[in-house]
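Trainee: Chain order of the listed sequences is Z and H.
Under the numbering used here, think of the first position of the first sequence as 116, with each following residue one higher.
Under the numbering used here, think of the first position of the second sequence as 917, with each following residue one higher.
Among the hints, a few may not be true.
[To be verified] In the DSS-like style, the derived pairs of lysine-lysine whose C-alpha atoms are separated by at most 30 Å in a straight line are: (1) Lys368/Z x Lys1199/H; (2) Lys1199/H x Lys195/Z; (3) Lys367/Z x Lys1199/H; (4) Lys270/Z x Lys1085/H; (5) Lys1176/H x Lys195/Z.
Hints are computed from structural coordinates only; laboratory data are not their basis.
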Amino acid sequence: MQDSPATVAVNTLINGFAGAGYIASEAIATTVYLAQQLQRPILVEGPPGVGKTELAKATAQFNGLPLVRLQCYEGLDESKALYDWKYSKQLLYSQVLKEQLHDILQGAKGLAESVERLKSFGDIFYSEEFLEPRPLLKALREKDGAVLLIDEIDKSDYEFESLLLEILSDFQASIPEIGTIHATTKPVVILTSNNTRDLSDALKRRCLHLYIDFPSRALETRIVKTRVPEIPDSLGEQLVTFIQQVRELDLKKAPAVSETLDWARALLLLHATALSPELVQSTLNVILKFEEDIQLVTPEIRQLLKG
Amino acid sequence: MEQTLLGFINTLRQHDVRISTSETLDALQTADVIGYSNQQLLRDALAASLTKTRDEKALFHQCFDLYFLAKGERHSEQQQTKTESPHPSQFELPDAVAGDAAVQNALSAPMVQAALEGNNDAVAMAIEEAAEGISLDNVRFNTQKGIFRRRLAEAAGTGQFDRAIDALKAIDSEELAGPIEWLEQQRYVLDMAARDAVEHQLLLNANAAGRAIQQQMLRNTRLSALEHYHLKQLPTLIRALAKKLATRHRQRRRVDRRGKLDMAKTLRRNLAYGGVPFHTYWKQKRKDQPKLVVLCDVSGSVSTYARFLLLFLYSLTDVMPRIRSFVFTSETYEVTDLFERHPPEQAVELVNQKWGRGSSDYGNSFKQFVSEYSAQIDRNTTLIILGDGRANSADPGLDQLRELYQRSKYLLWFNPEPRASWNTGDSEIKRYQSACHFVAECNSMAKLERLLDRLLTVLH
């Protein structure tokens, strides 16, 4: 059967991502492809450490676009995310202007004429020259487009979500003093969320939604092989099997892909060739970040290693 | 194909996936971009544009399989029954009869003609068309099955076979027994296809309409009167109610946060800029973080209520302050940790398994609570006690409650018993009332929702 153009494009994406060191599942690649076609932002959700941020980086690298990153936190507002005025420069100019003002207004008779003359100079202070672009505006003004990563949107306030709506749906930002700034080339927007709170429906409606779960065993093995190529195959498989089982336990924080990779690198440093109970015990703190979790897993190690 | 996609979206909506018009447009565009040839790809793509939470994704996959795969299977099944049914060549009429005008007329009806030509797709197409004509989408309840089946079969053209059969029967010749039987079989195939279509549609629509009615009922019925089956569905309802409450109170908080300009500070800090206020400072009202402590009786009689109160409270964590929760029967245990480690529904189950039996000893439990945790109760703390106030004729622990009453900002008592039975038998609620800011009856979801609404107003 002849593959449809979409299938071909998605496969190209998967290979392209792999070239950028990111192993994408079909669902991930499909969503990215769709986002580029429909020019929609992607909202990526999932447990921490499954490669949500990596996806943005890989997309940027694959497309050869700059990555503009906006890290969200409580209290993030317009002046830090979208734009700000260069106050000190404005202040400096206002001092200079004071001196110039005398010359400009020389010969003007009465207040009315002075005002009239001033009017002809336009609004110097609130012009693009004094505009300090923050990540969002920077991404919009990037000539060849960019990948805009809005990281951990769930950490921001509700007000900030509303601020984003205009950018997400129309790729434009309104600055009262200047007007509306449109994107030169529409950026690829990726939002990530750890789901610590529900995002508003308005925001979700404008985005494609992608849920990245912990990868399957096969996928995770491939990820380990790609990111830590020096690791022996058998050790890689053993390690992934172990991690997959640990995730099944009732843990406070299940080990994520990033922890699997850390562990693989750690084992490599220790010149390990196979997992032994003692080795696992001494390196357990690489994958588990809570004392309770370590205590829970320690007695199970032997059982888990048997598979 | 567009029609099919719209039908699918409708089905999703009936399964409580919220899809707006703009998302529908997205889906149509998505299908255009992706095409229909690769089903796996289409599924992933539609999932991305139509569903916005993990739960919705699970529902989506279920519906997708049900809708598209079942449709495909139905198609091939029909073709199979078709091939099994007698071939049109078996339909032979004696020349004398074939010339009869009435017979010719009856046999030229489109469905009969299609059957005679051995057109296998005709049945499926007729059913699709007829389904749209009689708005089969509207089938909601099992009881409607019969009538929809009959209407669908008629609209699809069983009548045409009936007329053909009647026309042949009118001639009354033995030679015609074979052809009549053949026509009856064709009619049967069509009828069966209609039945399958109705059942399939019902499966897709099932529960949706019933659920709306049920939710209304669930909200207003006393929880103790609910069947076990219904109790299982409450968590979903609670989540929806909690979401509604959270939205409302979030807006209110936003208004409160707006401040007044702190003139003095602004001027002082902007001295460096010649008094031009480049940086503004706002007067802040320092508001102490409210705290919420819940103490639930989980003894047999009221454990159900405790479960749903806890579930409701923990679904509101978005707008609630940090909650510390305790449960008691004869002793008090802190369960905050359980709720931090597990999702609320699971935690509630665990609480019930571990402590939810025996009869309550208010005196001992209060005493223990006061001695161990009273330091936690201060003037910012709102304490909610859930219990029926039936102290089993033992020490009611009134002194301890009074101490809590004095230390806390508010002490609220939620009583799951209907007001009429307060103060009957061993109920001590009247005496407890003297040591509470507010005692409320809370025995249905609707009442609980109202109480928590007021609680949130007070807390913010």
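Trainee: Each hint needs a verdict: does it hold in this structure or not?
Mentor: Here is how each hint holds up against the structure:
no.: 1; hint: Lys368/Z x Lys1199/H; result: violated (40 Å)
no.: 2; hint: Lys1199/H x Lys195/Z; result: holds (21 Å)
no.: 3; hint: Lys367/Z x Lys1199/H; result: violated (40 Å)
no.: 4; hint: Lys270/Z x Lys1085/H; result: violated (78 Å)
no.: 5; hint: Lys1176/H x Lys195/Z; result: holds (22 Å)
In this structure, the earlier hints numbered 1, 3 and 4 are contradicted, and the remaining ones agree with it.
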